[in-house]
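S.K.: Residue numbers (my numbering), protein chains in the order written: chain L, 1 to 114; chain Y, 1 to 115.
Read the hints as simulated data drawn from the structure, not as lab findings. The C-beta atom is built at its ideal place from N, Cα and C for all residues, glycine as well. It cannot be assumed that every hint is accurate.
DSS-like mimics (lysine-lysine), calculated; alpha carbons at most 27 Å apart, straight line [stated by the list, open to error]:
#1 Y:42 x L:58
#2 Y:78 x Y:42
#3 Y:83 x Y:57
#4 Y:78 x Y:57
#5 Y:42 x L:69
#6 L:58 x L:69
#7 Y:57 x Y:42
#8 Y:42 x L:68
#9 Y:83 x Y:42
So, partial list: chain L residues that the calculated Cβ filter (under 7 Å) puts toward chain Y [said to hold, decoys possible]:
#10 32
#11 43
#12 94
#13 101
#14 106
#15 107
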Amino acid sequence: AQSVTQLGSHVSVSEGALVLLRCNYSSSVPPYLFWYVQYPNQGLQLLLKYTSAATLVKGINGFEAEFKKSETSFHLTKPSAHMSDAAEYFCAVSDPGTASKLTFGTGTRLQVTL
Amino acid sequence: EPEVTQTPSHQVTQMGQEVILRCVPISNHLYFYWYRQILGQKVEFLVSFYNNEISEKSEIFDDQFSVERPDGSNFTLKIRSTKLEDSAMYFCASSEPRGASNEQFFGPGTRLTVL
Chain L
1 AQSVTQLGSH VSVSEGALVL LRCNYSSSVP PYLFWYVQYP NQGLQLLLKY
51 TSAATLVKGI NGFEAEFKKS ETSFHLTKPS AHMSDAAEYF CAVSDPGTAS
101 KLTFGTGTRL QVTL
Chain Y
1 EPEVTQTPSH QVTQMGQEVI LRCVPISNHL YFYWYRQILG QKVEFLVSFY
51 NNEISEKSEI FDDQFSVERP DGSNFTLKIR STKLEDSAMY FCASSEPRGA
101 SNEQFFGPGT RLTVL
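For reference, chain L alone in the conformation it holds in the complex (with noise of 0.2 Å):
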């Protein structure tokens, strides 16, 4: 079973301070590794994702993820935090391939202050 653990339930930044959002997975297989961001009210947008191929991905909005199978972790990095990055984070993971389920993280809503 896959599984996957955020921690931090809530991170808090100054804006222009490096943000880091942590995901650590559990998988029995090769995973692939997501990173979605959601809104308030809104759904939730796919920031980047992990799919074997390169293990520094980037991704929207000036956001990086680092996949590092020794540490099975793929956190969530940006160097210089705005305001509007304020939102959930949410880490998933998943077999490879097509289709198949995505396993979420409980989530780490970030807070950015001036």
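Could you slot chain Y onto chain L? The hints should help.
M.R.: Chain Y only, in chain L's frame:
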């Protein structure tokens, strides 16, 4: 840009009533999914659907739930006799038939409130 749409955006129903949540996936996608998110909790997989049959379902997806693709564009989730604990945001998603990225595109959700 193509997107997944869902109707209604909000649905309020009495316990024991049937509800049908509707989704229009992206037109060239062939894999469809339903997920739900109880308030304050994580997003949970319910069911996946391909080629007019269920591919996989979770333990949440019991006999009270069913899915259907009644025509070439809609994908529906039916809850036959709603319970209080069915109150949640329900998300539809779809993905492409080709490639191995498993990128799933989500709709904006339907908020279901069972009274």
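S.K.: So which hints don't hold here, by number, going up?
M.R.: Going through the list in order, the structure violates no hint and respects every one.
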